[in-house]
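Undergrad: Below are the chains, spelled out letter by letter.
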Amino acid sequence: MSTADLDTTGHIAPASALANVGVITGRNLRRLVRVPTLIALATAQPILFVLLFTYALGGAVRAPGGASYIDYLLPGLLVLAIGFGASQTGVAIAEDLSSGMIDRLRALPIASGAVLAGRVTADAIRNLFVVGLMIAVGSAIGFRFHAGPIAALAAVALAVAVGLAFSWLNALLGLQVRDPESAGLAGLFPIIILTFTSSTLVPVATMPGWLQAFAKVNPITVVVDALRVLCLGGPTAKPVAEAVAWIAGLLVVTVPAAITRYRHTTAA
Amino acid sequence: MANHPAIVAEALSKHFGRVDALSGVCLELPAGTVLGLLGPNGAGKTTTVRILSTLLRPDRGWARVAGFDVVKQAAAVRRLIGLAGQYAAVDAYLTGRENLQMIGRLYGLGRRAATRRADELLERFDLTGIAGRLARTYSGGTRRRLDIAASLVADAPVLFLDEPTTGLDPRGRVAVWQLLGELTARGASLLLTTQYMEEADRLADNIAVIDSGRVIATGSPDQLKAQVGGDRLELKAVPGDDPRRLARALAGLGCGPLVVDEVAGRIVLPVSDGPGILPELAERLAVSGLRVADLALRRPTLDDVFLTLTGHPGAGAARAEDPPVNSGPGSELQGATNEHR
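In the order they appear, the protein sequences are chains D and L. The first sequence runs contiguously to residue 268 in our numbering. The second sequence runs contiguously to residue 1341 in our numbering.
Excised from the complex, chain D in its bound form (with noise of 0.2 Å):
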């Protein structure tokens, strides 16, 4: 090899950087379908969420608008299963970070950004496959799209870009918190009380007053509403728009965030 010709500027192309994500994917592809209890796990979680959710509070919650409980539910199902999902991301960051994987992919001449990016990327496959899981198993029991496969594609197009600022976050989480097991709990903090204080389970207008403020503007309570509309029909311009706009805004802050992380963590 010829020193010449190396770029000294740390500048890698756009092409290899894109090339470097898909080999990271890959390999997290192929880690997700080896490790057979995470991929029975991965696939009963959703199932059981649609299945428990729908039977056990299905005949206590009265949904708004006169929907089945199953058309109200499902969507902020998807985004609770995907949320509770993107806690492997930050497991299987700070894995890689304890293993000194991250050590070795560090000193190779790869684009920063590219290890958590595979990683993010592998996740959202997954999270695809796990939308299409609980739409199937939904419409076993009774859901049905009623805005049109359009309406219905955006659906599941919104639900894998959330779930793609949740992994981004969790990434974050998992090189701040460096241990895979306290990364994994550290991930569900936010699912758990997000989710709880949105219109996920619930209608908003169920919770007391001081609640219901901090429900409306929860980006979950954004996400799930733009969910329903796309779902069940409705204007959907707006509720989509903030949905993204959330989304966009979580990526903005959560991407630079991760990259300048991993570009100064070592193995312990």
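Any given hint could be a false lead.
Unchecked claim - Cβ-to-Cβ under 7 Å is the rule here; a few derived chain L residues that face chain D:
#1 S1053
#2 L1055
#3 R1078
#4 L1083
#5 A1089
#6 M1102
#7 L1109
#8 G1110
In case anyone wonders, no lab produced these hints; they're calculated from the structure. Backbone N, C-alpha and C define an ideal beta-carbon position, used for all residues, glycine too.
Once you've looked at the hints, dock chain L against the given chain D.
TA: Just chain L now, kept in the frame of chain D:
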């Protein structure tokens, strides 16, 4: 490349919180040679390797690898180095071949070229037979071989190996030594960290002894051994006997101060001419009428080097057989030093 030393480090300092991990480390590795960085856990070996391989920024000082600054020209440095870090960092859920293919693809090789390169390395590292098995099924030694193979994918001219044999059984250790011997015979520049004097002795052209973040001695293995006084003669008194009687009987023998370990009932004596000491030793023992339970002539260990150079035993040497510990930089050494006091 030929004009530049493989590595030059000048006054590298790094602290973590209030712990000074490095306090002014200077190193030079001429191209095509092997430098052994020898020291106990927490001495600063891994921190040094991480700075030189662009993973950490020094607080003060600078370093160049093949002429490129490790901070300002990190991207160029990354193209010229191979790193096998402190842990055998291979993906447990990929096969051996897939691990090497992945690294090749990340270096920008096409699918086919990456596979060809992976197969070459698998062959060379005697891993072909298990190349299709998940790395999680490999033994520690095999994982380490795969890890070292991964650091060679790009055929980089400068290699860093951080404690390549820590945690390996004797057979695994010998296999890794053979491998590194072949590597250096091919002209790679290699920086190797180790806790074992024997390892540095066997593989390195030059050794830098590092303790508490400072390089306390440098030289060829022979120079260093001469500095610490050559081999060690170890005698164990018969149980119940006072080893100090043995020490008195042997006073003046050897080339340095004799150390008495009353607890173990043992004395250790540095000797410069190896087995040449034995006839006089036998005579002294015969004259004194003392008997010994055990007698051994051995190479100086890291413990001996540390005792000679610093006046205190190296923490790592005392625990050289322990598995690697994730201690904060410097913390373990400090603890051990306090115990010693």
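Undergrad: Looking back at the hints listed earlier, which ones does the structure fail to meet?
TA: Hints 7 and 8 not satisfied by this model.
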